[in-house]
Each structure stands twice: as C-alpha cells, then as structure tokens.
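Protein sequences, first through last, are from chains A and B. Using my numbering, count along the first sequence one by one with no gaps and you end on 368. Using my numbering, count along the second sequence one by one with no gaps and you end on 1277.
The set of hints was computed from the structure by calculation and includes no laboratory data. Quick reminder that beta carbons are idealized off the backbone N, C-alpha and C, glycines included. Treat each hint with caution, since some may be false.
[To be verified] With a Cα cut of at most 25 Å, we get these calculated SDA-like pairs of lysine to any residue:
no., chain 1, residue 1, chain 2, residue 2
1, A, Lys337, A, Ala246
2, B, Lys1162, A, Met42
3, B, Lys1162, A, Ala231
[Said to hold, decoys possible] Just so you have them, the derived chain A footprint on chain B, three or more residues with Cβ under 8 Å:
no., region
4, 1017-1024
5, 1124-1135
6, 1159-1173
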Amino acid sequence: MGGSEVGDPGTPNPGTVGNQASKLPYIVYKEQFMTQRTRYFMFGSALVVVLGLGVGAVAYYNGNLPLKSRVGPEEFAYIPADATAVAYANVSAIMGSQFTQKLREVLPTGEEKAKLQAEFGIDIERDIDSVVAGTNGAGPGENGIVLVRGRFNQGHLEALAIQHGGLAQDYKGKKLIVFGNQYAGRDPVPGQHPFAAVAFLEPGLIAFGDRTAIERAVDANATRQDVTKNAELMKLIGEVQTGSDAWVVGNFDSLKQNANMPAEIRQHIPAVQWLAVSVNVNGGLNGVLRAEARDEKSGEELRAVVNGALAAGRLVSGQDKRIEAMLNAVQVSGIGKTAVLSFTVPPEILDIINGFAGMKHLNEGGGK
Amino acid sequence: MTANRRTPGTLFAALRVFDISLGDMLWSRRTVFMGLVVGLPVLLAAIVRLFHELGAPGMRINNAAVTGPIIFGLMIWVFFVRFSVPVLGVFYGTSLIADEVDDKTITYLFTRPIPRGAVLLGKYFAFLACTIFVVLPSVVLVWLLIVPIGGSLGASFLDLVKDLALLALGLAVYGAVFAMIGAAMRRPLLVGLALVFVWEPLVMALPGYLKLYTVAYYLQGLVPHAMPGGSTMNLIQSIFQETPNFGRAMFTLAAIELACLWFATRAIERREYVLEQ
C-alpha cells in the first residue's frame, strides 16, 4: 500500500481499521498513490519514452539532428536538393581491392593511365579517393556535376586549364575555370552543349560539369539546401550506402520524362519509380540492383519479368557451364513494391576469362 | 457506522487494487526476468552501435547492406513481437490470480467489500503499467542506438510510434487472454506456454483459416517492418502469410481484449477457489 501511520482516532477515514470506541491509536490508511520508488521508476521510464519520442519528432519535422550519423559522403553538401540521381564511388577502396588487381591482369590499361598522369599529374590509383556525381534530370541540358576528392596540384591544374582555353572566374568566393567560345555570356545557347567548367571548391575537392551546375552546387552549399534535404532520395541512399564501394540511386520517373526519349520506349519501360544499384568490391564483385515500383502490382510484375528473363537466359545458354554459373550467381527477391536482383562475380570468373584470353593469344601466336 | 459505509465502485476498487499490485509486481523477482528479456535487445543494440562507431564493416545479407532501420525492424520482430510481448503476457497474465491462490492470500482480497472482478481488473491494469513502462523504454533505447547506423531517426520516427502503439496493444491483448486463462484454469502457465510456443507458431505456419484464432495473426499484421527471413519457420510463414487490414486487425484485437476481460471477471465472480491446506 501507499503506507500507513498512527492516526488521530477522532478523524473519520475510509479504510480505518480498529476499535472506534476505544481511545487507543489505530491505523489510518495514508492516501498516497504508489510508493516513492515506484513513482520514481514510472517517472524515469516515462521520461525515456518521452525524450525518445521528442528526439524522433524533432528529427521528423526538421529532417536533421546532430545525433544521427551522417548519411552519405561530405560532398553531398554540394549536390542540390532537387537532384534526381546521385552516384558515389570509393575509388581508393575499389582500386586497392583484390578484384581490381585481378581485373588489371585481364584488362591492362596502363597507356591511358600513364597519359593522364603525364598530362595532369594525377595517378588515379593513388591520388583520387572518391567520386560523387549528381544530376537533376536525364537530358543533355540538365545540370550534372561530378565531384572528385583527392590530392591534386591545384596550381598545375589551373595553369593547364587556362592553357587549354579556359577563363578563370570567381563565383561567390570559389574559383571557376570556364570553357567555351562565348563564356562571357551567362546563359547557354539552346541545343548547344552548355559551357563546361571546373571549380576548386575546397582543398582536395574539384567539381566538373557545366557552369550552371557548378554555380548551383556552390549555392546549395551556401544555403544548405543540399541533397540531404531530399528525404526520398536520402532514404534510398541510407539503404544502399552501408558496406558499398559504389552506388547509384535515381528516380526512374525523371528519366522517363526526358523529352528526347521516344514514346514507344517510354511506354515499354516498367512502372519503376526508384532504382538503386550498389556494388561491393573485395575478392569478388557483389552487387545489388533494387527497383521500387509504383505499387505492389507493378512490383509483382517487375519480379515476374526479371525471373522470366533469367529463365530465358538459362534456356538460351544451353549447356554452356560459364553462362549457367553466371546466371546461378544472380538471385531475384523482393516483397511488395520492391524487386531486388543480387549478383556475385567471383574472382574465379576473371581467372576463367584470363585463361580464355591467354589461350586465344596463344592460338593467334601459333597461327602466325 | 457500518450502515453508513458504501461499497466502493468497481473502478475505484480496481484502482486501489492497482495501487497495491503495481508495487508488488514491479519489485518482484519476475521483474528481474522481465529486465533480462527486454534488456538483452538494448545490450545487443549497444554492442552493434559500438562496433559501428569503431569503424567495423557493415553487416550484409545476400550481398545487401543491412542498415540500422532494417536491424531495428528485425529486432522488433524477433525480440519484441514474437518473444517479449507473448512471454510477458503469459508470465504476468496467468499469475494475476494464480499467484494469490498459490500464496493462499486470495481470501484476504475476496473478503474486502469490493466486487471480485475489480481485483482482477486492478491487477490487470497493474500488469499493463508494469510491462508497458519496462518494454517501451527498451524499444526507444534500441531505436536511438540502432537506427542512426546508415539510417535517419526522422525517416523511421513514424515506424517507432507504430511499434510502441502495437507493442502496448499486444501486451494488453495477450495480458487479457492469459488473465482469463489464469482466472479460469487450474494450470494456467502450462496452457499459456503451450498457446504461445506451440499453437500460435504452428497455426501461423499452416495454410487455412486456423490462424484467425490467434492473437499473433492480427498483431503481426500491424507491424510496419518486413517479416524477417532466414529460418525455415519464417520462410513457411512468409509463404502462407496473409495480412488482415488495419481496421479488421484493430477491431478484432479490441474485441479479443474486451471479451477476455469480461470472461475473466465473470470467471472470478463465479468460481469457488478452494485453497489446498
């Protein structure tokens, strides 16, 4: 009970126990709800729930809280909030993976790499850490931007750009080098490629794209109206980014709205609303392609289409063990509106390709 | 003087029983068990978060990255909806009256000038307060620890609210079902355990209408997270999964709760409890 105490016999009280007639003290029930420690417990418990809900409510209405881990790379501060597609690649992790080492044995590409290093002084494998790209549409006139983070010799790159006809300009404190015959004008001519530009946004961060895109990136950073405010896109990014070395997330609807796309093709594209592709590169290559349809019926149809395509692939492959092995590495899953296609390219596949290439090379050598 | 005394109403009497029972329930050995049941997810969440903060690579299932909101959804299913809620319902619900009978103290309650049903109702409200005030903070802590791993607190806030509401509802319904069993049967704990660990999982994995006679069917239909895959039982359940719509699930759960409480109070009013000497 709440507690008891010796009371005054003259006080009428419900719950009284004892002889009313006698003058002996009797026990009076103390009208106190719950014991003190029970009250403390209930209060503490309620406090945890209320604080949690308060934090959640603030995060829900405000969109951001310092408590949460940052979703996406820091370069997102330069991708405008109206972006419809964003891509990311952890170049250093990809280049340092065993898979890339093996791939290099199969597809040697030393010439281009050496050319890039000689001209720009950039070693792709060592100097570039990550690449982030974003666009707010799929058309050629849309504002696409590529942000490269790494270690660059800014002075050398600037000099090189100006040497190639670039004009150095300043936009809100950021240095832009604009290319194009009419870079003095502000607006690109319709139907022509917009002015290309390079900007040095931060030490170790270079932006490539058309001038409008770069200016919008600088504005997005200044006003903090960046892609992290785009809740739908960020939700998908949050789902694909963990443990992925490279990923692309995009609104498929905006691709279909592209005026250049023929109506026949547009009609045959399934009712996919969002598309996300993520890749993890280690010993092998693991990838997940996730498509989100507009409704559950479309999601079901989408899964059926992919399963049908895989079945057709198996039928066509016949007895080819290599194709069969590759198709077996592809799995389709998903629930509701989502269709997920996961695939694995084991390093052994590269060994097989390498083996075939070697045999072909030997045969060609023997033929001569 | 006795003539002037009025018998307190059911609600007032239930409130007094609630007051007595809440302290007894909260500071009993059973609460240690409850602490373990709901403390384990918090501990696991803290470990996962710690590993994440130390830079451990993210978890992956079928090549897909597992983010905080997904882990939180899995924990809600595995630890709370499928385990904590029914188990706490069994252990507390069946003991509401059974403990008083076992301790031979039910006579003291029944000799008070209050309706017998008020004893059960008061104890049921105490059970609800006791479990809700332990389970919900645990869920909130798990949410705060886990969701920020690759997810956003804001984006999953509505799911948290739904989770808290459905867990409170689950405790209320399971508590009412087992309170009825506790009031009406001789070996309520055994019956309750059989119901939770044999009947419900078995029926949920079978095709057909039998799943309509489980609480889990309606409660699991309200969970805002995808059902976890992995075990054979989960796979079978997902094959035969049918989800009742929100209105139907809510109506049925409310009906089950009210009906069970009514039967429980009726049973306790009519039953003669013979205490073994």
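We went through each hint and held it up to the structure:
For the proposed pair A:Lys337 and A:Ala246, the alpha carbon gap of about 24 Å is at most 25 Å, so the pair holds. Restraint check: the Cα-Cα separation between B:Lys1162 and A:Met42 comes to about 22 Å, which is no more than 25 Å; the hinted pair holds. Distance restraint check for B:Lys1162 and A:Ala231: the Cα-Cα separation of roughly 20 Å lies within the 25 Å cut-off, and the hinted pair is therefore satisfied. With 4 residues having a beta carbon nearer than 8 Å to a beta carbon of chain A, the region 1017-1024 of chain B meets the requirement of three or more and the stated coverage holds.
Counting residues of the region 1124-1135 of chain B whose C-beta sits closer than 8 Å to any C-beta of chain A gives 3, which meets the bar of three, so the coverage hint holds. Given a C-beta distance limit of less than 8 Å, the hint that chain A covers the region 1159-1173 of chain B holds, as 3 residues qualify and 3 suffice.
Consistency with the previously given hints is maintained throughout, with no hint failing.
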